[in-house]
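Residue numbers (our numbering), protein chains in the order written: chain A, 1 to 323; chain B, 1 to 323; chain C, 1 to 327; chain D, 1 to 327.
Since the hints were derived computationally from the structure, they do not count as laboratory data. In this text, a Cβ means the ideal position worked out from N, Cα and C, and glycines have one as well. Treat the hints with care, since some could be wrong.
[Said to hold, decoys possible] With a straight-line cut-off of 30 angstroms between C-alpha atoms, the simulated DSS-like cross-links for lysine-lysine are:
{"no.": "1", "chain 1": "A", "residue 1": "Lys9", "chain 2": "A", "residue 2": "Lys317"}
{"no.": "2", "chain 1": "C", "residue 1": "Lys218", "chain 2": "A", "residue 2": "Lys35"}
{"no.": "3", "chain 1": "D", "residue 1": "Lys302", "chain 2": "D", "residue 2": "Lys218"}
{"no.": "4", "chain 1": "B", "residue 1": "Lys269", "chain 2": "B", "residue 2": "Lys256"}
{"no.": "5", "chain 1": "C", "residue 1": "Lys218", "chain 2": "C", "residue 2": "Lys252"}
{"no.": "6", "chain 1": "B", "residue 1": "Lys317", "chain 2": "D", "residue 2": "Lys320"}
{"no.": "7", "chain 1": "C", "residue 1": "Lys302", "chain 2": "A", "residue 2": "Lys317"}
{"no.": "8", "chain 1": "D", "residue 1": "Lys252", "chain 2": "D", "residue 2": "Lys325"}
{"no.": "9", "chain 1": "A", "residue 1": "Lys269", "chain 2": "A", "residue 2": "Lys279"}
{"no.": "10", "chain 1": "A", "residue 1": "Lys317", "chain 2": "C", "residue 2": "Lys320"}
{"no.": "11", "chain 1": "D", "residue 1": "Lys302", "chain 2": "B", "residue 2": "Lys35"}
{"no.": "12", "chain 1": "D", "residue 1": "Lys218", "chain 2": "B", "residue 2": "Lys35"}
{"no.": "13", "chain 1": "B", "residue 1": "Lys317", "chain 2": "D", "residue 2": "Lys252"}
{"no.": "14", "chain 1": "A", "residue 1": "Lys35", "chain 2": "C", "residue 2": "Lys302"}
[As the list claims (entries may be wrong)] Partial chain B-side listing against chain D, Cβ under 7 angstroms, derived:
{"no.": "15", "residue": "Phe39"}
{"no.": "16", "residue": "Thr78"}
{"no.": "17", "residue": "Leu315"}
{"no.": "18", "residue": "Val319"}
{"no.": "19", "residue": "Leu323"}
Each chain, written out:
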Amino acid sequence: MANEPDRDKALKLLHDMLRIRRFEEKAAELYSLGKIRGFLHLYIGEEAVAAGAIPVLQPEDAIVATYREHGHALMRGTPMGALMAELYGKVGGCSRGRGGSMHFFDASRRFFGGLAIVAGGLPIAVGIALADKMQNRARVTACFFGDGAVAEGEFHESMNLAALWKLPVLFLCENNLYAMGTEIHRYESQANIAAKAEGYGMPGETVDGMDVLAVEAAMRRAADHARAGNGPSLLEFQTYRFRAHSMYDAELYRNKHEVEEWKAHGPIKNFKGRMHEWKCMTNDDLESMEAAIGREIDEAVAFAEASPWEPIEDLTKDVYAPL
Amino acid sequence: MANEPDRDKALKLLHDMLRIRRFEEKAAELYSLGKIRGFLHLYIGEEAVAAGAIPVLQPEDAIVATYREHGHALMRGTPMGALMAELYGKVGGCSRGRGGSMHFFDASRRFFGGLAIVAGGLPIAVGIALADKMQNRARVTACFFGDGAVAEGEFHESMNLAALWKLPVLFLCENNLYAMGTEIHRYESQANIAAKAEGYGMPGETVDGMDVLAVEAAMRRAADHARAGNGPSLLEFQTYRFRAHSMYDAELYRNKHEVEEWKAHGPIKNFKGRMHEWKCMTNDDLESMEAAIGREIDEAVAFAEASPWEPIEDLTKDVYAPL
Amino acid sequence: MRKLTYREAVREGLREALLADPRVFLMGEDVGRYGGAYGCSRGLLEELGPERIRDTPLSESTFVGAGIGAALNGMRPIVEVMTVNFSLLALDQIVNNAATLRHMSGGQLSVPLVVRMATGAGRQVAAQHSHSLEGWYAHVPGIKVLAPATVTDAKGMLLAALREPDPVFIFEHSYLYPQEGEMEDDPGSVTLTQAAVRRPGSALSVITYGGSLWKALKAAEDLAAEGIDAEVVDLRTLRPLDRETILTSVRKTHRALIVDEGWRTGSLSAEITAQIMEGAFYDLDAPVDRICSAEVPIPYPKHLEDAAIPQPEAIVAAVKRMLGKGA
Amino acid sequence: MRKLTYREAVREGLREALLADPRVFLMGEDVGRYGGAYGCSRGLLEELGPERIRDTPLSESTFVGAGIGAALNGMRPIVEVMTVNFSLLALDQIVNNAATLRHMSGGQLSVPLVVRMATGAGRQVAAQHSHSLEGWYAHVPGIKVLAPATVTDAKGMLLAALREPDPVFIFEHSYLYPQEGEMEDDPGSVTLTQAAVRRPGSALSVITYGGSLWKALKAAEDLAAEGIDAEVVDLRTLRPLDRETILTSVRKTHRALIVDEGWRTGSLSAEITAQIMEGAFYDLDAPVDRICSAEVPIPYPKHLEDAAIPQPEAIVAAVKRMLGKGA
Ligand SMILES: Cc1ncc(C[n+]2csc(CCOP(=O)(O)OP(=O)(O)O)c2C)c(N)n1
Ligand SMILES: Cc1ncc(C[n+]2csc(CCOP(=O)(O)OP(=O)(O)O)c2C)c(N)n1
Ligand SMILES: [Mg+2]
Ligand SMILES: [Mg+2]
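Required output: the full structure, derived from the provided sequences and hints.
The structure is reproduced here in structure tokens:
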């Protein structure tokens, strides 16, 4: 277990996780109100991964994520209002509202999606890293994907190519044990994901994805390794999704008990407990943190509500670059 | 190194390899005469693999091979005339002449191609084995593919699915060190192919693909394992292609010296030497063997020459089943 | 006749097929414990067990290819590719293997495979989840392509597909799953060769299929209220196309409008236009027109998605324009 | 003007592009040591080194996706997918990423990627190696699709493609590589927006592209010998189509025959027919006709392959039929 962080840092980590959690709780609420539509995949339970990993990145590093990327975009610094507006489908959204929940983009922060084809982001990440390497920039590309993506051919191909060319890619698997309704042992012949790195001559590590400090430490090792020109790594963050796969999911495939057990050592609960042990947080701290997050969310909702719809005349704008 | 085989068996193994070699030498000759066109991928140098592996199979077992499959079809027992006629594109060919060199089929012998998309045969083999397993038949499916195929996503997916469902597939990699003009270390981050089996919880074995007895022994182990219901294996046969990749290849990517070194311990030369050591072959044996093969080839060519072209009116026959 | 949803109709078809023939099995992502992304196989795992209802890894190319292999070797697989969007990963197996094996082997091999997938937009799931690529499939010789639009066809065409000796691809518009309809008697007797005139009319032929059928029928109703009597043809089978029914309708009405959710350029609507050009040119009183999707990755917000895909209002307006009735 | 082969023209284009811009690099299977499956990059590895000329593993989906990623991040990748047949493995990256990223991100991202691939039949390489799927690509909004038929275009359109801010797919008919032609001056100035009238004529418009252009020109020559003066239009760019040049030609000749090596049903020829229907119906003296490939996996033997794909004789016969000149 990692060393005790200083108080400011601990408060920040807690704040970051809590901010993701509250944002998504609000999103779920807005979904049932019909403000948000289509697919909505919540990250609740997995916050320690984005909160631990993303602050390790430099501004010029790149991120490629999946349809379950709210937490990642929040951590990257895209304003919450732009994300909420994106969930609404409004012009103020980070993708002009065109992408919705699954397709957050923020080029200014090198956030390349929000991609919704499972494993489809891995080749993109490899290419981004290739461009950095060819341009002699000491940047890394963080590529997030789920355990289900590991079964896809593109996982294999991308691991091989990144390792072969020693590209600065961080393959970050958020192993929440399920691909939609299918438990990992029902689709992986060998469910130890980190161990797969060996087949590509790449370092692999299993990390407690419920422990934000462990995530941060592993991420730092992998990023340093890549930045020093030693090529990619695979990190398997063991975590769990507390909510349904998407808002359409009736959760027939797992029992409540299993979910409750994981919740009992959830990333926020867990870290709060440790902060109490370390005596670096008071009830006032927590209350003012919640209050600040609450205000930020209220403002984000207000921003989204106020943001206009994209005019229908602009429908085909940006299919191609303007002439 | 495997035990000394009895004389009849040794003679048969030599005959089988020589028969493939001579057939293909004739094919190359006919190619330069314009009798054969399109792609022609020769197996010369790799004969020990097909000659060692295929006799281990039972008639009801299945084979899926690649565009470099002349040897495999010969070993499976498809009459040489039908194969030669296929190279000609004649109706007497094993695929009515429609497939040519890359697409040998023989349903009666459960030879399912002759498939020319690299790694495209692996999922098919998995499915054939699945059908056998679901029908409670103790059959195996032998799936041949090249080292280049290992980089494709379908390799990964098929290995996983076969291992997950414990399907009786024998994954038989003919590692001739090159995918077309690209040497394995230039495209594999980790060039030990057999070792990749571990990532799928499947046994993997490296086999001297120039030693027909070693091939046979490894194949028998893998087939027994599969037939007993223990699932798939991966065998990596280390071999070498003595000729160009196809008739279009100018061989710019490897030097003559390397080729000569491999030829020096070629499978036929190698086995002949051992037979001489074992004193189980006379010069007469060899001469009559060559003569018999020569006659068979002459007959095959005569058959191909005499076979008619498919009438143009039949062009679209069998796109769909007849009504 | 009884009412049920399209989803239930598919499930009935699956269940009957599985009960009737031990060679039939269902495989795909989340078809088992989850019950199918659209619920089409809910309960089947519990009833029939994991040998017959197989959850697969996320490996589209391989489980479609495995379906081909299993079909070659005595089984009658039904492969569910969750949506057409993901089927792009399996196109090599489909085009290079499923479609070629019979012909290329000189008639020795048969691939009696059924692949089902959801298609179409309209659920606000944005650019990567809203494709309508059934027109691509309809281009490929060696396969058959179905687009059941009614509950009877949803069940009946599945059962009929399982009697085919060749690979059949069934496109189920995702918008239809929760829609209710009347199940006709004996759905298993539906044909796979004929388009259906869903609404006879005389003023003009609206030719469509799948999810767009209902928009066309809605438009025809609105037009009828204004005294315009449109005929609506449901293609049902996209490959092979039932040219005769199309041409018969056009020869009667002398005008055709095609409604196709594919992007306009190069969609199936173009092929239908070409076949009308070739077979009924001298019968036409006006050029054939098309209502298709805008040439744009389908956006998430409802107002933009609605604007991007065919709508009854656009059909009504096009019909009036073609009939010179102002808009 | 100087003579050279199509292959050499592509190589010149590659070399000039690589020398002119350090952001340009070439990657694909066997582009380096082997010199390219069709020899288009022979010598480039030796001249420019392995950073700029990258042999990839057999991993079509990933190296095309990596091209997209590199294009997003400041490079100007040229990806060679050996042939269109293998590009089926990369279609997910193409349709779901390359084509969508600009629009779906609200205009933030740009994918200046060039993908080249060989296409077409005619070399007796059988069913899995003979596809002509450029019509599929032409269906996809967000990408551009080129089909250079001349040596000038082979070089010039490649150079022009590299100036585009959006993904461009170049289809080089494999039959053309060894063919010689005249390189016009300043090929880099060719446009990507206009079709070319390769042979002016008055009797009828033959509309075609790529490898079929030469068959159409041959047919036009034979027809000229019989006093029939056909116009031949080379589409050059398949997406976006140059509708104006097509319609101008048809409005002049009043008849059109489309020659397209794709399988007839659902090929690009259908779209062109539809655009003529929509834009020049009242100018037509006869229905538009099409010469396409037979609906069959392309077989290996020469006589069957020849019978399966468009040939000058069939074009001549169709033209005469359309002009009522007997056959
Ligand atoms: C190629 C592809 N196949 C299927 C889907 C449908 N789908 C969306 S998410 C998902 C499960 C992915 O699981 P995992 O990778 O573990 O990520 P998680 O959702 O658990 O974060 C599936 C099957 C898809 N989007 N892409
Ligand atoms: C998917 C795909 N990509 C590219 C090709 C072109 N190609 C044919 S054979 C070959 C090399 C394959 O190498 P390997 O698997 O090692 O088999 P070998 O030819 O050495 O027997 C390539 C690149 C193909 N047929 N299929
Ligand atoms: Mg998961
Ligand atoms: Mg090889």
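TODO: For the pair we were handed, C/Lys302 and A/Lys317, check the Cα-Cα distance against 30 angstroms.
DONE: holds, 17 angstroms
Task: Restraint status (C-alpha distance of A/Lys9 to A/Lys317 at most 30 angstroms) - done: Distance of about 44 angstroms is beyond 30 angstroms: violated.
Task: Status of the hint placing B/Leu315 at chain D (closest C-beta pair under 7 angstroms) - done: holds, 5 angstroms
- [ ] Decide if the proposed pair is consistent with the structure: D/Lys252 and D/Lys325, CA atoms, cutoff 30 angstroms inclusive.
- [x] holds, 20 angstroms
Open item on the list: Next pair to validate is C/Lys218 with A/Lys35; report whether the Cα-Cα distance is within 30 angstroms.
Closed with: holds, 28 angstroms
- [ ] Below or equal to 30 angstroms on CA atoms is what counts here, so check D/Lys302 against D/Lys218.
- [x] Cα-Cα ~20 angstroms, so holds.
Open item on the list: Check the hint pairing D/Lys218 with B/Lys35 against an upper bound of 30 angstroms on the C-alpha distance.
Closed with: holds, 27 angstroms
- [ ] Decide if the proposed pair is consistent with the structure: B/Lys269 and B/Lys256, CA atoms, cutoff 30 angstroms inclusive.
- [x] Roughly 18 angstroms separates the two Cα atoms, so the pair holds.
Open item on the list: Given a cut of 7 angstroms on the nearest C-beta pair, is the interface hint for B/Phe39 held or broken against chain D?
Closed with: At about 5 angstroms, which falls below the 7 angstroms cut-off, the nearest Cβ of chain D leaves the hint on B/Phe39 intact, so it holds.
Open item on the list: What's the verdict on D/Lys302 and B/Lys35, does the C-alpha distance respect the 30 angstroms limit or exceed it?
Closed with: holds, 11 angstroms
Task: Restraint check for B/Lys317 with D/Lys320, where alpha carbons must lie at most 30 angstroms apart - done: With a Cα-Cα distance of about 29 angstroms, the restraint between B/Lys317 and D/Lys320 holds, given a limit of 30 angstroms.
Task: Hint validity - B/Leu323 Cβ closer than 7 angstroms to any chain D Cβ - done: Constraint on B/Leu323 not satisfied, violated at 16 angstroms.
Going through the hint list in order, the structure does not satisfy hints 1, 13, 16 and 19.
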